[in-house]
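Enquirer: Sequential numbering from 90 applies to the sequence shown in this note's numbering.
Heads up, some of the hints might be wrong.
Unchecked claim - Taking lysine to any residue and the SDA-like style, the derived pairs with C-alpha atoms no more than 20 Å apart in a straight line are: (1) 258 with 586; (2) 258 with 554; (3) 290 with 581.
As the list claims (entries may be wrong) - Okay, the calculated beta carbon distance ranges per label pair: (4) 235 with 208: 19 to 27 Å; (5) 197 with 552: 42 to 50 Å; (6) 199 with 272: 42 to 50 Å; (7) 393 with 620: 15 to 23 Å; (8) 434 with 659: 22 to 30 Å; (9) 654 with 208: 34 to 42 Å.
Don't read these hints as lab results, they were simulated from the structure.
Cβ atoms here follow ideal geometry from the backbone N, Cα and C, with glycine treated the same way.
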Amino acid sequence: MYRIGVDVGGTFTDVVAVSDDGGVTLAKSPSTPEDQSIGVMDGLERLAARLDTDLAGLFAQTDRIVHGATVATNALLERKGAKVGLLTTEGHRDILEMREGLKPDRYNMRMPPAPPLIPRSLRLGVKERLRPDGRVEVALDQASLDAAIATLKQEGVEAVAICYLHAYKDPTHERASAEAVKAALPGKYVTISADVLPQIKEYERVSTTAVNAYVGPAVGRYLGRLENRLKDSGYAGPVLIILSHGGVAPIQDTIRLAAGTVLSGPAGGVAGARRSAELLGAPNLIPFDMGGTSTDISLISGGEAALSSDRGVGGERVALPSLDIVSIGAGGGSIARVDAGGVLHVGPESSGAQPGPACYGRGGTQPTTTDASVVLGLLDAENFLGGAATLDKPAAETALDGLAETLGLDRMTAAEGVHRVVNTNMAEGVRLVSVRRGVDPRKFAMLSFGGAAGVHITEIARQLDVDRAFAPRVASVLSAWGMLATDLRFEASRSHIGDATALDAGALRNLFSELEAEARARLDTAGFEGDVQIRPSADMRYGEQIFEIDVALDGLDFSADNLLDEVAKRFHA
């Protein structure tokens with residue numbers, strides 16, 4: 090039997106099949122941004138051909154498919170998500186726009202405020218209110234709710250986000266409102282903060298819920314199309330989607346929490362790097378994933394990848410757990426240009442999958458990183474994609490000639506300049522995840538993967554004074570391969586606020602017991618059978634701090650009499 094991993098990138102879709110005996114077969118196909126499922130099916134057909142069978146024959150021998158998609162990421166970055174309405178507590182509809190009063194560049198007085206995902210006209214207040222302890226201050230007013238729903242119906246919204254004040258303590262009002270919305274707007278995507286992020290901190294909660302509603306319809310449509318195409322081709326097994334935290338979930342759970350896929354693709358690369366760290370016996374790695382559009386860089390220390398619960402994606406706060414990944418706009422398709430001052434830049438603009446670099450022969454004319462690699466002889470134009478394609482070297486030379494003329498240089502020097510700029514940019518990306526966080530990269534090894542990384546990794550390692558760099562045999566498809574090394578994973582969280590010295594140990598035990606039961610129930614619903622690992626943690630801080638530290642509580646004896654003392658020790662460790 091086979092397990093198949095599918096990673097959709099900006100330029101190529103990577104497909105990997107791993108057999109029961111560990112054999113690996115790979116295939117690549119051009120990505121199809123207009124409908125990613127087309128490129129996925131094309132890649133699966135190429136994979137079947139590599140295995141000397143057809144799609145039906147491949148699917149008959151396939152145990153499961155694990156998929157990483159960029160639909161949510163693209164919708165957020167390109168602002169092509171759904172038309173969303175927001176229902177919130179009366180008087181609080183501007184939380185999404187105020188953004189805690191902060192700007193990305195807080196010292197730039199002329200910086201315009203970022204436009205919110207949901208315009209003010211579609212952010213509607215509803216008469217209801219809970220106190221911070223969960224007691225009802227104002228009961229849910231049905232007339233107010235009905236009026237807000239009528240407005241959203243008239244505006245033709247595609248999705249509705251519901252986020253009431255302090256709903257993390259009691260979601261009754263949110264759930265009642267959701268039922269009313271579903272009855273009045275059948276078929277629309279409806280999401281509530283109690284299901285997305287049942288935690289304190291109002292802006293993070295409303296922003297994450299809004300993002301979920303914004304990308305949810307697009308994710309649902311795409312996964313529905315993909316599921317139908319797979320079924321029509323004879324596949325009847327499970328399809329699992331890799332999420333931003335590095336675990337996988339079934340399609341329906343993924344659609345419900347679509348915001349959890351905003352870093353789906355890069356998460357597969359980190360999963361592959363983590364597995365590679367085990368196989369290489371190198372627990373300290375800097376995974377370096379360079380594709381056609383961007384480069385994703387992370388850090389694996391002691392065999393574990395760091396998680397973050399405070400990510401900004403496309404300028405929007407997504408407070409769901411995600412792997413700590415830095416992305417920079419430098420890839421094989423990054424376009425080289427000269428600004429008005431005569432300075433050479435590479436990226437973040439990319440030629441993407443269509444038309445792609447000039448050497449692809451699809452009509453691209455602008456010089457890219459890949460074109461420079463062809464001119465420098467770093468890529469074999471006659472043996473691209475393992476011999477499945479050839480590159481148009483004269484087209485690459487023509488593209489570089491235009492850049493060279495603008496710079497007043499010869500073709501080879503211009504190509505070297507492109508490489509020098511992009512390598513320097515990527516080395517700075519590595520410093521962002523290491524040096525700027527107090528980590529010495531010289532104590533780590535680099536793991537290069539992605540279609541373009543192998544061409545650049547040695548020069549970047551030299552710049553950083555890193556003495557070891559690994560290039561796996563399946564480097565160009567490591568993200569797809571890594572998805573097969575992930576586990577089914579569900580996150581459950583609650584807010585329980587109080588001083589550690591005054592907390593009731595019994596209440597803490599009950600809270601973690603309820604969370605474990607919730608997570609196990611979701612595993613049961615997904616049809617999972619096998620060993621289960623529970624990894625409890627708590628967000629903790631000193632009294633006057635404004636941010637929390639995620640403290641792992643693995644192995645803690647929750648029945649111990651000194652439970653709270655042990656929790657405090659973990660925080661100070």
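Enquirer: Now tell me if each hint is right for this structure.
Expert: Against the structure, the hints come out as follows:
Taken as a hint, the residue 258 and residue 586 pair is honoured in the structure, with Cα atoms around 11 Å apart against an allowance of 20 Å. With a C-alpha separation of about 51 Å, the suggested pair residue 258 and residue 554 falls outside the 20 Å cut-off, and the hint is violated. With a CA separation close to 17 Å, the supplied pair residue 290 and residue 581 stays within the 20 Å bound. Checked against the hint of 19 to 27 Å, the C-beta distance between residue 235 and residue 208 comes to roughly 22 Å, which is consistent with it.
About 30 Å separates the C-beta atoms of residue 197 and residue 552, a value inconsistent with the hinted range of 42 to 50 Å. For residue 199 and residue 272, the hinted distance range of 42 to 50 Å is satisfied, since their beta carbons lie about 47 Å from each other. A hinted range of 15 to 23 Å holds for the C-beta pair residue 393 and residue 620, which are about 19 Å apart. At roughly 47 Å, the beta carbons of residue 434 and residue 659 sit outside the given window of 22 to 30 Å.
Taken as a hint, the range 34 to 42 Å is violated for the pair residue 654 and residue 208, whose Cβ atoms sit roughly 51 Å apart.
Comparing the model with each numbered hint stated earlier shows that hints 2, 5, 8, 9 do not hold.
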